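Peer 1: Residue strings, one per chain:
Number of protein chains: 2
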Amino acid sequence: MTAPVMINAYDPSSAGNLDPAVSELIARRERVLGQPYRLFYEEPVHFVRGAGVWLYDAAGNKYLDSYNNVPSVGHCHPRVVEAVARQASQLNVHTRYLDEGIVLYAERLLQMFPHDSSRLMLTCTGSEANDLALRIARTHTAGTGIIVTANAYHGITSAVAQISPSLGLHVPLGYDVRTVPAPKDYGGARDPGEVFMRDVEHAIADLRRHGIRPAALIVDTIFSSDGVFAGSPGFLAPAAEAIRAAGGLFIADEVQAGFGRLGTHMWGFMRHGISPDLVTLGKPMGNGYPIAGVAARPAVLDEFAAKARYFNTFAGSPVACAAGMAVLDVIEDEQLMENAHTVGLHLKEGFEALSKRYPELGSVRGQGLFLGVDLVSADDLSPAPQLAARLVNELRRRRILISASGPHGHVLKIRPPLPFTTEHADMLLAATDEAMKALTTSVG
Amino acid sequence: MTAPVMINAYDPSSAGNLDPAVSELIARRERVLGQPYRLFYEEPVHFVRGAGVWLYDAAGNKYLDSYNNVPSVGHCHPRVVEAVARQASQLNVHTRYLDEGIVLYAERLLQMFPHDSSRLMLTCTGSEANDLALRIARTHTAGTGIIVTANAYHGITSAVAQISPSLGLHVPLGYDVRTVPAPKDYGGARDPGEVFMRDVEHAIADLRRHGIRPAALIVDTIFSSDGVFAGSPGFLAPAAEAIRAAGGLFIADEVQAGFGRLGTHMWGFMRHGISPDLVTLGKPMGNGYPIAGVAARPAVLDEFAAKARYFNTFAGSPVACAAGMAVLDVIEDEQLMENAHTVGLHLKEGFEALSKRYPELGSVRGQGLFLGVDLVSADDLSPAPQLAARLVNELRRRRILISASGPHGHVLKIRPPLPFTTEHADMLLAATDEAMKALTTSVG
Chain A
1 MTAPVMINAY DPSSAGNLDP AVSELIARRE RVLGQPYRLF YEEPVHFVRG AGVWLYDAAG
61 NKYLDSYNNV PSVGHCHPRV VEAVARQASQ LNVHTRYLDE GIVLYAERLL QMFPHDSSRL
121 MLTCTGSEAN DLALRIARTH TAGTGIIVTA NAYHGITSAV AQISPSLGLH VPLGYDVRTV
181 PAPKDYGGAR DPGEVFMRDV EHAIADLRRH GIRPAALIVD TIFSSDGVFA GSPGFLAPAA
241 EAIRAAGGLF IADEVQAGFG RLGTHMWGFM RHGISPDLVT LGKPMGNGYP IAGVAARPAV
301 LDEFAAKARY FNTFAGSPVA CAAGMAVLDV IEDEQLMENA HTVGLHLKEG FEALSKRYPE
361 LGSVRGQGLF LGVDLVSADD LSPAPQLAAR LVNELRRRRI LISASGPHGH VLKIRPPLPF
421 TTEHADMLLA ATDEAMKALT TSVG
Chain B
1 MTAPVMINAY DPSSAGNLDP AVSELIARRE RVLGQPYRLF YEEPVHFVRG AGVWLYDAAG
61 NKYLDSYNNV PSVGHCHPRV VEAVARQASQ LNVHTRYLDE GIVLYAERLL QMFPHDSSRL
121 MLTCTGSEAN DLALRIARTH TAGTGIIVTA NAYHGITSAV AQISPSLGLH VPLGYDVRTV
181 PAPKDYGGAR DPGEVFMRDV EHAIADLRRH GIRPAALIVD TIFSSDGVFA GSPGFLAPAA
241 EAIRAAGGLF IADEVQAGFG RLGTHMWGFM RHGISPDLVT LGKPMGNGYP IAGVAARPAV
301 LDEFAAKARY FNTFAGSPVA CAAGMAVLDV IEDEQLMENA HTVGLHLKEG FEALSKRYPE
361 LGSVRGQGLF LGVDLVSADD LSPAPQLAAR LVNELRRRRI LISASGPHGH VLKIRPPLPF
421 TTEHADMLLA ATDEAMKALT TSVG
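Chains as they are written, first to last, in the working numbering: chain A, 1 to 444; chain B, 1 to 444.
Since the hints were made in silico from the structure, they are not lab data. Please note: incorrect hints may appear among the correct ones.
[To be verified] Listed next, the stretches of chain B that the computed footprint assigns to chain A, with coverage defined by at least 3 CB atoms under 8 Å from CB atoms of chain A:
1. 97 to 108
2. 414 to 427
[Stated by the list, open to error] Sample of chain B residues with no beta-carbon within 10 Å of chain A, all distances over it, derived:
3. G16
4. N17
5. G52
6. P71
7. C124
8. T125
9. Y175
10. P181
11. D185
12. R208
13. I274
14. N339
15. H341
16. L381
17. R397
18. A438
As the structure is a prediction and not an experimental result, all values here were calculated from the model. We put the beta carbon where it would ideally sit given N, CA and C, even for glycine.
With the hints as extra help, turn the sequences into a complete structure.
Peer 2: This is the structure we're talking about:
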């Protein structure tokens with residue numbers, strides 16, 4: 001029995017000589033943390049400080065963060081830190097007492113949604129948000145069937161792991177879960193939206209054939225763990241219509257795509273002109289403070305409110321809402337969505353140019369500051385996960401942080417903090433160029 | 001269809017005249033938050049500041065907090081606030097990079113556990129901790145059957161809601177979940193430990209009769225939502241042995257009882273001289289910062305580590321661990337466990353004395369600063385949830401915060417921040433005395 005593949009994980013059996021201080025910290029860590037914990041990189045990094053798009057190791061070296069979307073407005077952004085510190089010193093209670101902070105935050109956040117997604121439920125993590133969305137959808141529809149993409153990742157609670165095929169073969173999907181191929185570009189031969197809709201319809205029919213009523217189609221609107229796919233605006237609309245026609249809900253998982261990262265819109269689903277029944281939020285929401293949530297059409301919550309009790313002890317606290325509010329302030333004041341758009345275009349063009357020079361760099365996908373770049377074999381263009389892992393580690397040696405994902409582990413995942421500038425983009429591109437030169441030359 | 005009973009919830013249809021500012025804030029809140037949200041009290045309170053055992057409303061009135069166990073070392077404790085602020089301004093990353101904070105915290109925390117509970121997995125909430133414990137137990141045992149007490153509450157993910165009968169009839173238990181009566185005092189007629197063990201054995205047999213392999217017995221070691229029960233030290237041991245003899249695990253849910261609240265031990269299970277397979281932690285762990293976790297026997301994690309991937313984005317971050325560490329420092333430096341013991345004894349004696357004077361105050365149970373007091377009918381000693389709700393609201397008018405729980409909603413739940421002194425205890429007792437006088441006189 002083997003653990004599911006995690007590209008880019010530290011493997012003590014194949015690691016080279018590590019810095020003794022790093023080795024000792026790893027040994028101490030392994031004595032006290034559970035065995036499921038993993039570290040990034042052949043040579044794990046020990047950071048001691050972060051600021052903006054930079055992380056600093058114990059020796060004072062700085063690393064360009066091109067990967068982490070949680071510190072979305074920049075590592076340790078002073079406005080978020082100050083908001084958390086100020087509120088934590090003043091009041092931190094749960095939602096069964098009145099607090100103006102949660103109301104102000106919900107009012108502000110919901111203005112960024114279509115008019116009918118007008119109610120907010122707060123949780124602490126994206127997993128909890130997706131788990132709650134499942135409970136709401138299953139209660140509202142009286143169905144249980146869930147449709148997900150083939151390598152989706154929606155989180156790690158028991159129920160959400162059952163709709164997350166990317167967790168690997170040893171984490172079984174639920175009996176009432178069906179997968180559909182992730183949308184992709186057919187080079188004009190077929191319409192991705194049409195194909196995706198037909199696949200969803202097929203999954204609906206298969207659920208019904210098994211006596212399972214469809215509850216929801218849930219999609220990560222940037223298809224991150226499926227290898228990153230933005231697609232043409234609007235292509236998701238037919239599939240959303242299909243699940244609704246079958247009595248199910250359309251859930252937009254914005255945990256990764258949301259909060260302006262895609263540059264043109266605050267949320268990925270907005271590119272498609274659709275209004276989801278439920279929208280789940282997470283990672284960048286508090287710039288590292290644990291806050292996540294679900295925006296909902298009010299009618300969808302009626303049945304759940306009548307039947308179930310939902311109280312999340314830490315969620316929606318004054319401190320969580322202060323963090324969330326500060327993040328919205330910074331996104332707006334520093335025009336980070338616009339920056340994601342501009343720098344994202346520049347970065348995408350840069351990778352497209354590189355891919356013309358290196359046959360091992362294949363398709364470049366995504367939008368804004370969420371890009372995926374395929375690493376492929378120069379011979380037959382087949383997925384090259386080992387090359388992706390070597391590139392990721394080569395970039396780490398050049399002090400650029402990145403990772404790889406996708407069903408074959410061959411997709412470079414580029415997802416930096418949003419204050420990433422064109423200069424930072426150029427550093428990433430130059431380092432990728434050098435690393436590819438070194439790797440493809442040494443390979444021969 | 002009706003929502004599950006929540007004693008002490010604000011009900012707009014029966015509320016009196018509220019302060020206009022409070023009414024307006026409620027109206028705004030209801031426009032933007034999901035319908036499942038509830039407020040405490042006939043007349044909800046709007047707090048704007050907290051310090052120690054006190055909360056302050058917008059008009060500057062102070063309320064004695066006799067209920068909230070999350071701000072366990074005191075509302076807005078400056079050492080915790082400072083630790084969070086300092087770390088948040090320096091570094092906040094996930095656990096796939098090396099960080100000494102998580103290692104130091106795990107080393108320190110695990111010293112407080114039996115030697116064989118030597119590995120830590122961190123989550124953000126107690127619900128996530130219990131959900132992870134279920135995943136681990138089910139993977140380790142290759143069984144799915146879970147045994148819980150009759151009115152248990154373990155959290156709100158899909159899987160954990162299925163083992164939380166206290167959520168009400170409209171939230172169905174899993175097909176593989178069995179309930180056993182919560183332990184209670186039989187007045188010497190029967191041994192509670194023997195009865196509980198036999199009930200667990202009966203549930204194991206019933207699971208097997210349905211072809212379900214037992215995975216775990218999980219108990220809240222203070223049986224909070226079952227109405228609070230500490231019982232004689234050691235009484236839980238036979239039931240823990242029974243589930244192990246059947247190949248299942250014993251999970252101690254310390255989300256409510258843990259971190260010194262019971263006065264004599266850091267964890268409730270330690271009163272029983274047992275060493276659980278899994279221990280789940282939550283609420284008071286970060287004094288309001290979202291941190292929770294699972295302490296485990298290493299062998300129990302082997303199968304899970306081999307089969308599953310578990311990465312919790314926000315959990316175990318440097319900031320979460322700084323909050324957790326500061327809480328342990330304060331518990332130790334301010335001798336809060338010892339205080340819980342001393343003040344808890346004083347408070348329990350005080351309620352016992354009151355119960356001799358008011359026939360409506362029945363059994364007084366619990367240990368340390370976690371007490372339950374039954375409200376009963378003076379006529380036939382039957383549960384009196386309406387009286388409990390009136391007492392809770394009467395105390396709120398006297399600016400004392402408290403709530404009620406238990407299967408019938410008739411148990412006063414007393415669970416203050418740990419810096420509660422004998423003077424605070426005397427205030428609570430005096431106010432309860434006055435409130436009971438007012439209520440029982442007006443009733444006639």
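Peer 1: Provide an ascending list of the numbers of those earlier hints which the structure does not satisfy.
Peer 2: 2, 6, 7 and 8
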